[in-house]
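2 protein chains.
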Amino acid sequence: MVDSVAEHTDEELHPPLELGVEAPETELDSAWLGRHLLGKWEEQRLAGRRKAADPRYQRIDGLSMDEHRARVTEQVKLLADDGAALAAFPARLGGRDDHGGNIAGFEELALADPSLQIKAGVQFGLFGAAILHLGTERHHDELLPPMMSLQNPGAFAMTETGHGSDVASIGTTATYDPATEEFVIHTPFRAAWKDYLGNAAVDGRAAVVFAQLITGGERQGVHAFYVPIRDAEGNFLPGVGGEDDGLKGGLGGVDNGRLHFDQVRIPRTQLLNRYGDVAPDGTYSSPIASPGRRFFTMLGTLVQGRVSIDGAAVVVSKAALAIAIRYGAERRQFHASSTEEEEVILDYRSHQRRLFTRLADTYARSYVHDRLLDDLDEVFSGTDDTPERREDLETLAAGVKAVSSWQALDILQECREACGGAGFLQANRLTQLRADLDVYATFEGDNTVLLQLVGKRLLSDYAKQFKGANAAALAQFAAKELAGRAASLVGFHQLSQDVGDLWRASSASVALRRRAVQTELLTDRVSSIVGDIAMRLRSVGRDDPAAAAKAFNNVQNELLDAARAWVELKTYEAFADAVAQMPDATRTVMKDLRDLYALWLIEKNLAWYLANGRLSGARAKVVSSTIERLLVKIRPHALGLVDAFGYGDEHLRAEIATGAEARRQQEAAAHRE
Amino acid sequence: MVDSVAEHTDEELHPPLELGVEAPETELDSAWLGRHLLGKWEEQRLAGRRKAADPRYQRIDGLSMDEHRARVTEQVKLLADDGAALAAFPARLGGRDDHGGNIAGFEELALADPSLQIKAGVQFGLFGAAILHLGTERHHDELLPPMMSLQNPGAFAMTETGHGSDVASIGTTATYDPATEEFVIHTPFRAAWKDYLGNAAVDGRAAVVFAQLITGGERQGVHAFYVPIRDAEGNFLPGVGGEDDGLKGGLGGVDNGRLHFDQVRIPRTQLLNRYGDVAPDGTYSSPIASPGRRFFTMLGTLVQGRVSIDGAAVVVSKAALAIAIRYGAERRQFHASSTEEEEVILDYRSHQRRLFTRLADTYARSYVHDRLLDDLDEVFSGTDDTPERREDLETLAAGVKAVSSWQALDILQECREACGGAGFLQANRLTQLRADLDVYATFEGDNTVLLQLVGKRLLSDYAKQFKGANAAALAQFAAKELAGRAASLVGFHQLSQDVGDLWRASSASVALRRRAVQTELLTDRVSSIVGDIAMRLRSVGRDDPAAAAKAFNNVQNELLDAARAWVELKTYEAFADAVAQMPDATRTVMKDLRDLYALWLIEKNLAWYLANGRLSGARAKVVSSTIERLLVKIRPHALGLVDAFGYGDEHLRAEIATGAEARRQQEAAAHRE
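Residue numbers (UniProt numbering), protein chains in the order written: chain A, 1 to 673; chain B, 1 to 673.
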């Protein structure tokens, strides 16, 4: 491989780029793009957006914790009366059996107040959804109507102080007493208190409590039980106690709290018995024989929580970028290119890099979220509900939730800093949204734990390629394949012509902008890391858990890399598919944005591509110079790209995004004349 | 260069590492290390720490904005009465002329409440320091005593709504009227309102106002003026007006606000006239002939603000890591290696990577902060006060402030997530500290702008090597040097034997742990990027500002990279120097931590080292595997390393760092037995 910087002209590595807005080569149809972003559930999404623009649903800054909680409680009642947030429930009970549309509309509420979204999510998406998915018809008939009307507010009591990520190890017990045909719900020690539960501190009248089911002296694993916790006056029922979690880093309108149970008796029929039941005589039965599979099936029904967190993260990312890009396109600072006029800060290359890479990421995440909604709707509507599709949905949702919630925090912070002191004022919303979304990174599944789940799935899929072969065969295969790759620095030899172009200096920058090349580079990284991990795990036997744990720990960081790379590949694919369908002029601009996303992903992991011989040093430099060129190409379309998100002043509610800055500058300029 | 993964044994690339705590090879003397960290101003630092542990100075969560502001105002009075925060002022006025010790003690207050640190910083470090450094003796005698006693609270009115980073372009004017021997302070348009000023919304009775000095119709640039703004009852004086900035993302105890002036007249003598004066007849004079140099000299006297922000960022980073590492060493989740006992989360490799890389970074930043304090003390005490030393101090302070404040935010977030849901509770402090420190990234100089200043200084130093030579000669030199480097992928040929070892497979992991190699790798990156930028700017003439701005914009992102790399190099050097002086056993552990810091920096920029032929792909993998090995070596010392920070429960005030988690587990374990 002959390869040096000298192969590239200075022009190619450092294209002459304008400061300021270059005349665009094409026009973006922002209105068309806006409709495209609304997606399949346009109507529901617009309805959600109208609510977010309605002051009755909006956050008021500066309320005390109690006032904020009370306001949000009222807002959830408004939502219940409106009915849209109930769309996922059965039509026969007043819902609409609309799973995708329900989430699409719901996630827009994050712009009213994330506390409202989460508090409503606890009621309808966790407490209510657990009754729907883990209960059976008798539970639906009896429990869903008061849940839907908010006559019966409820908590989702899964997490304990001692166990969050490892739900299988929770300490709460539900012991069946055949004498009275009751379950006895009990908290055996302090670490088994239920914790961080929305609706638990104040509003909850009942809870779906996850507990170890014990019958006839045998443990049958974690099951969910419907347990009343407070009377009509709001006093704890006998045997139930709790605490307020108090002030939090955000989501101040949600009354998170703790619950504990001292031998609380509930009728046998309050076991939510879709996946496991206990007969009056105490006999346990389940449609799923394997306890592990049963457990994961039960948890899997709650996947919509992760999907809607991703959706809210995308919505908030869009709003943050709309604020920062609109402000950046008006704000001027320093006389860079002229003594007459100061430079618009969005014309500075560093500002473009900060915001446009994240703009590309947000578009990509918006399209992969649409895919998640499609998948979820097909599974839950029954259109295409198989165990495999459920597993795929859960894997994608776990991974996308993790990456998307982290990206939202990164974007909120970058936008806040890009707006300087103005960004720190609560009136401009960025800091509050960030505070509220902070916990999205660890609730509904800790992001690191979720990525590890994805990583294990990738490893397991890798192993399935060798069905029937033993571990040694797998190891041999992996060792052979990978040693060959790394040692000869090949890996592209058997690839398409497009990818081959990457190795010719004259066409590297062109090749890097081809979808096939981008896909190959992103795919290769996932499969290579997974293959490498499989090789390192080849000698680990199943019979020595300590040795297996040690070996697994040694690959943990790589496994997380692989999982993230896979999520990013899926995100890229969704984005690229969407762009491919767009009409001409808009597609031209959006392809630039897609390229920026792909090259940003590649640049983030450039060390891997270089160390593993996938890119040469000279090509690596072309990655960065192509990114710089794309930033400049995207600049003229920046406002159109955030306009397409469809958020007006009534959604953003940030003075710096309303044109105030430009008006102040005009006044100052008029004064100088 | 023959180089492939095959050169490395699997053992070297993937050392067999234990899950759990390996028996340490050596003992860390945590008490000794704690004293070493206290540094030169041990007494002042311990006094500051005692205040941080005193409930009277501490934040109370859940107060309204007004209550919090009132509490912080009372706390600043306590500080004034105590006198320690006045140490930097002249002894003849009740201070101690102690510049380094003043900051060392002061920055510890961040653990009481960052609002207190910042509000006191506004009064003593900005308002008071401006009088001290920009005023002359008559100002000191008259204005400092009531400032120090808090009889006269003041604002530092530099930033305007329209101009923050570009102070030279502020719009407020101070026009001299020789008829009355007064300056007329005036706000000509809305964008020239002073903004984001602490003490402006409520408490301020006066302000140091920065304005364009105009005398005899000539503009003389930005100068500072002492301007009373409110009467004894707190009402605005005639011609003065303002607004409250209201709720912010953090620092709720500081009353930030806006001020504007309508032809407000002040006596001529209220110009703070150390660096520029106006005679009664209106004649302007200055000891510094160049207006640009005068401006930067004035701003430079306020460098202590940036130094103390770095100090507070280090203090808070230490506290956050103490909380997360203590919790991580107790918290158990998942049965990884045993069916009996769950794994301590700090034994998971991903958790170690999250926290120990940041622990190493925090130690390094603590030692470079000591260096900054030394430099500041030498300059301001007059021990070694030259324009060159001031310039060096300002460059280092600007760069370190930027990197350190960003690192603190990153660390607070990582620690918050590492503590899961418990980390999100305000009772465990991490989210509130993060909210408060958020604005550290953009106030006292926007981090991006500060790094750009550092980058320009690096470029200017680079050019100085060729004093006398013209731009063409510089360009030729740069082109030759760099083209040669990149094309032949050398760069190490003329280097030491230590660095040469890097190229022998048998010794790469040993070489990477040598100080000379680490220093060379980090230094080379700075000088190479700067050289590369110089080459790209070689053809830019001074006579075409538009072309120069365009060319400069095209290198902006690289310049920011170079600046950050330089700050990290300086930070590494301070850390390495400190470790070199440590006694044997402690040095062994601390050298591991130093190596982790260096290799983490190199790994972050691995793509650069690879693309530029400084490291081979195989060596790059040794960087990562050496990091993994270091994580495991540091694990047994993790608690000792955070103990050395010297923060007890009274400073951390986080339940999760008090052993509560371990007690809960013991209770649960006892229950199971």
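Since the hints were made in silico from the structure, they are not lab data. The reader is advised that the hints may include incorrect statements.
Which copy is meant is left open, so a pair is good if it fits within one copy or across any two.
To be verified - DSSO-like mimics (lysine-lysine), calculated; alpha carbons at most 27 Å apart, straight line:
1. Lys77 / Lys464
2. Lys456 / Lys604
3. Lys591 / Lys550
4. Lys604 / Lys464
5. Lys591 / Lys40
Hints and how they fare:
no.	hint	verdict
1	Lys77 / Lys464	neither (49 Å within a copy, 70 Å between copies)
2	Lys456 / Lys604	both (23 Å within a copy, 26 Å between copies)
3	Lys591 / Lys550	between (45 Å within a copy, 26 Å between copies)
4	Lys604 / Lys464	neither (30 Å within a copy, 34 Å between copies)
5	Lys591 / Lys40	within (22 Å within a copy, 58 Å between copies)
The structure is inconsistent with the numbered hints 1, 4, although it conforms to all the rest.
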